[in-house]
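**Q** With these hints in hand, go ahead and build the complete structure from the sequences.
The numbers in our numbering rise by one with no breaks, and the one at position 46 of the sequence shown is 46.
To be clear, the hints were calculated from the coordinates, so they are not data collected in a lab. The structure displayed is predicted, hence computed values, not measured ones. Every residue gets a Cβ at the ideal spot worked out from N, C-alpha and C, and that includes glycine. Please note: incorrect hints may appear among the correct ones.
Claimed, not checked - Pair by pair, the computed Cβ-Cβ distance ranges are: (1) D9 <-> R49: 17 to 23 Å; (2) A16 <-> G51: 21 to 27 Å; (3) I29 <-> G51: 33 to 39 Å; (4) E55 <-> A24: 18 to 24 Å; (5) V44 <-> H20: 16 to 22 Å; (6) E28 <-> P50: 35 to 41 Å.
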Amino acid sequence: MTDTPAQTDVTAAYRASVEHHLAALLEEIREDLAAGLRAHLADVASDLRPGETLEHRLGSPDRLAVAVLGYSPALEAFQEDHATVPPSRAVYTS
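**A** Written out as structure tokens, the structure reads:
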């Protein structure tokens with residue numbers, strides 16, 4: 001399926017919104033994620049059925065940004081070093 005100019009504009013707007021949610025990341029990580037995101041969105045957009053949108057298929061841009069952050073190989077080392085896990089038992093402070 002060939003993208004129409006309107007589909008390309010919608011895909012670009014969706015991508016820009018997701019990238020906006022990733023703006024606080026270090027530039028190197030953000031650029032790596034953005035490159036993968038562009039490829040993924042182009043692939044998904046090419047498989048959309050008539051009337052279906054990226055948001056129908058992938059959820060809102062902010063939700064996709066959270067998913068991208070949660071599964072990024074670029075962030076694995078950071079996540080391992082800075083993971084926040086709830087304590088296994090109650091913690092009392094006085």
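**Q** Using the C-beta atoms of E55 and A24, is the stated range 18 to 24 Å upheld?
**A** holds, 22 Å
**Q** State, for the Cβ atoms of V44 and H20, whether the hinted interval 16 to 22 Å holds or is violated.
**A** holds, 19 Å
**Q** Does the Cβ distance between E28 and P50 fall inside 35 to 41 Å?
**A** For P50 against E28, whose Cβ atoms are near 39 Å apart, the range 35 to 41 Å holds.
**Q** Do I29 and G51 keep their Cβ atoms within the hinted range of 33 to 39 Å?
**A** holds, 35 Å
**Q** 21 to 27 Å was suggested as the range; check whether the CB atoms of A16 and G51 agree with it.
**A** Since the Cβ atoms of A16 and G51 sit about 22 Å apart, the hinted range of 21 to 27 Å holds.
**Q** Go ahead and decide if the range 17 to 23 Å is satisfied by the Cβ distance of D9 to R49.
**A** The hint (17 to 23 Å, Cβ to Cβ) holds, given that D9 and R49 are roughly 19 Å apart.
Hint violations for this structure: none, all hints satisfied.
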